[in-house]
Amino acid sequence: MSLHTKSIAELSKGLANKEFSSVELTEHVLNRIQTHQPSLNAYVTVTRDRALADAKRADERRAAGESLPLLGVPIAQKDIFCTDGILTTCSSKMLANFVAPYDATVVAKLSAAGTVLTGKTNMDEFAMGSSNETSYYGPVANPWDIARVPGGSSGGSAAAVAARLVPAATATDTGGSIRQPAAFVGVSGIKPTYGRVSRYGMIAFASSLDQAGVLAPSALDCAYLLEAMSGFDPNDSTSVAQPVPNYVESLSQASLKGVRVGILKEFFAEGLDPAIGALVHEAMDVMKAQGATLVDVSCPSLPLSVPTYYVVAPAECSSNLSRFDGVRFGHRCKDPKDLVDLYKRSRAEGFGAEVKRRILTGTYVLSAGYYDAYYLKAQRVRRLIANDFAKAFESVDMLLSPTAPTTAFKIGTKHEDPVTMYLNDIYTIGANLAGLPALSIPCGFANGLPAGVQLIGSHFSESALLSAAHVYQRETNFHLQVPAAFS
Amino acid sequence: MSLTAKDVTKIAHLARVEMGEQDLTAMVSSLGKILAFVNQLESAPVADLAPMAHPLAGEVQRLRDDRVTEVNVREKLQAIAPEVVAGLYCVPRVIE
Chain A
1 MSLHTKSIAE
11 LSKGLANKEF
21 SSVELTEHVL
31 NRIQTHQPSL
41 NAYVTVTRDR
51 ALADAKRADE
61 RRAAGESLPL
71 LGVPIAQKDI
81 FCTDGILTTC
91 SSKMLANFVA
101 PYDATVVAKL
111 SAAGTVLTGK
121 TNMDEFAMGS
131 SNETSYYGPV
141 ANPWDIARVP
151 GGSSGGSAAA
161 VAARLVPAAT
171 ATDTGGSIRQ
181 PAAFVGVSGI
191 KPTYGRVSRY
201 GMIAFASSLD
211 QAGVLAPSAL
221 DCAYLLEAMS
231 GFDPNDSTSV
241 AQPVPNYVES
251 LSQASLKGVR
261 VGILKEFFAE
271 GLDPAIGALV
281 HEAMDVMKAQ
291 GATLVDVSCP
301 SLPLSVPTYY
311 VVAPAECSSN
321 LSRFDGVRFG
331 HRCKDPKDLV
341 DLYKRSRAEG
351 FGAEVKRRIL
361 TGTYVLSAGY
371 YDAYYLKAQR
381 VRRLIANDFA
391 KAFESVDMLL
401 SPTAPTTAFK
411 IGTKHEDPVT
421 MYLNDIYTIG
431 ANLAGLPALS
441 IPCGFANGLP
451 AGVQLIGSHF
461 SESALLSAAH
471 VYQRETNFHL
481 QVPAAFS
Chain B
1 MSLTAKDVTK
11 IAHLARVEMG
21 EQDLTAMVSS
31 LGKILAFVNQ
41 LESAPVADLA
51 PMAHPLAGEV
61 QRLRDDRVTE
71 VNVREKLQAI
81 APEVVAGLYC
91 VPRVIE
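Taken in order, these protein sequences are the chains called A and B.
The numbering of the first sequence is this note's numbering, which starts it at 1 and goes up by one.
The numbering of the second sequence is this note's numbering, which starts it at 1 and goes up by one.
Hints are computed from structural coordinates only; laboratory data are not their basis.
Hints are all accurate, no fakes.
Quick list of in silico lysine-lysine cross-link-like pairs, PhoX-like style, CA-CA up to 25 Å:
no., chain 1, residue 1, chain 2, residue 2
1, A, Lys-13, A, Lys-109
2, A, Lys-334, A, Lys-93
3, B, Lys-10, A, Lys-337
4, A, Lys-18, A, Lys-6
5, A, Lys-109, A, Lys-6
6, A, Lys-410, B, Lys-33
7, A, Lys-93, A, Lys-337
8, B, Lys-10, A, Lys-334
9, A, Lys-414, A, Lys-93
10, A, Lys-414, B, Lys-33
11, A, Lys-337, B, Lys-6
12, A, Lys-257, A, Lys-391
13, A, Lys-56, A, Lys-13
14, B, Lys-33, B, Lys-6
15, A, Lys-288, A, Lys-265
16, A, Lys-109, B, Lys-76
17, B, Lys-10, B, Lys-33
18, A, Lys-334, B, Lys-76
19, A, Lys-6, A, Lys-56
20, A, Lys-288, A, Lys-391
21, A, Lys-265, A, Lys-391
22, A, Lys-109, A, Lys-56
23, B, Lys-76, A, Lys-93
24, A, Lys-56, A, Lys-18
Residues from chain B shown here face chain A by an in silico Cβ test under 10 Å; the list is partial:
no., residue
25, Ile-11
26, Leu-35
27, Leu-41
28, Ala-57
29, Lys-76
30, Cys-90
31, Val-94
The beta-carbon is built from N, C-alpha and C at its ideal position, and this holds for glycine as well.
Starting from the given sequences, assemble the full structure and let the hints guide the process.
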C-alpha cells in the first residue's frame, strides 16, 4: 500500500513502529503536491521548508519517546487560518501580501499535536462561494473530473484530500463550505457545533455561523483532527467551555443499534437529482441493516433557510469586512486623493465581485428603513428554523439527508444568477443557522461523480455523528475510492 | 420594490466600495435578484418569535480578568502595513 492511501490511524501506527519516518512521509506528500498542483490548483502556498522542518522535529520527538497520535502526520490548512510568518490570503487580492502576525488557535493546536504543515489551501474568496471559482488564485479542479468544480468554499482542502495530496485538511463551514465540497469530491467532512472549535485567527465571514472543521477520507480520520482542534479558547468569546470527548476512542464502540435516524422529508423534495436520492436511500438501507431505526421527520421551515442565510450572512459579512480599509494591512490603491478615496478604491480593487455583492447586500439589509424588514425578520425566521430542529430532536437522535442536490457541476456554468449558486447549499445551511454539528460522508457515485449523505445532530453530538458515519464506513468502501489519475 | 442605480450608488458609498458604471449595472441586476429571492421571508409566520442572534441558547458574553495577556508585536504589525513613516500608519491628509 502506498503511503498516500494510508489512513491517519495507519500513518500513526507506521510512524510509531518506525516503518517510515515523518520526513519520508512528508517528502512523499510534497512530491505528490508538486506533481498534481498544476492540474488541481488546490494550494495557494506550499510550505515546503516548514513542512520538512516540522517533519524532522516530529521524528526527533518520536525518537525521544513521544507518541502523540498525530505526531509527524502531514496536514494542510485552509488559507483562512492565520499562520504566523506565512502568507494568509483568504484567496483574496485584498490579502495577497498578508503575512499573518500570529497563529490561529486551530493552527497552534494542530502544531502542538505534532502535525506537519504542508501549506495553505485554495478557497472561495473570504469563504464566499460554493464552487471555489471566486478565488483570486483561480478555480480549483475536482480530481474526479478536472473540468468540474470541487465545491466550495473549502474547495482546495477538499480536492487535496480527494486526490490524496495530503492525509487531512482543515476547513471552515458558514453555510455548507465543508460538507458540500466533501460530497462533490467523495471525502468525509465534519462541521462541529458552533463554539466547539475556536474561531480565533480564522478570518471572519459571518461570525454567528462560521465554524472550523475537518476534511479527510474517513470519519475516523476526521475524529483524529477534530479531537486535536476542539476545546475552549479564552481568545474566542463564543468558544464553549465544555470538555472535549475522546472522539477517536468513542468510535471503537461505534454502533447504530437502537439509534433513531430521522429522514428529513423537506430535503427529498423537488430539485434533488434522482440518482443522488437513490444513493441516499441505499445508505439508509445500510444504516437500517446495522440496527438504526428510520423515522420520517418534517421540519417545515427548512425551505426558508437559504433566504434567511442570505440576509444574516451578508449582514455579518458587511460588518466583518469593514476592517479591510487599506490602512493597517492588506491592499491599498495607488495615489489616493483623500481618505474616502483610499477606502473606496482599495476595497473596490481588493475585493472580487461575489464579496462586493455580499457586502452591498449586507449594507442594504442593515441600512435605515430596511433593518426591521430584512435583518430582524431573518433573525426571527432563524429562530423558527432552530425551533423546528429542536422539535425534531425530541423524537430522533440525528437527521439524515442528501448533502447537496446535485453532483459537481462544470467550471463556469453557474455565473449568470447568484441565486442559482446559493441554492447549492439548500441542505446544509440549516445546521449553521441553528449552530448544529453536521457531517457529510460519501455514499456512492451518480454518473461517475461522487455524492454525499449528510447527518445532522443536536448540539455537541459530534461523537454520535462520527460513530454513525464510522459504522456506515465499516460496511461500505466509497470513502476509500481514489480518482484513477491520482491513485 | 426594485432597486435603482441611485439606491445601489448610495449603498456602495455607505460600504465604501468604489463602483464604476459597468459594475453598477451588473450590481443593480444581481442585488435585485438576491432581494427578490429573500423577499419570500416576508410571509413567514414569525411575529411572536424573538430574533435569534446567536446559535447557542444560554451562552453569555464572558468577561476576562483585568491583566495583560497580549504580547507586543508592533514590528510584525507594521511590517505588513501599506505605508508606515516613523512608526506611524500613514493616510492622506484629513485635517487642512
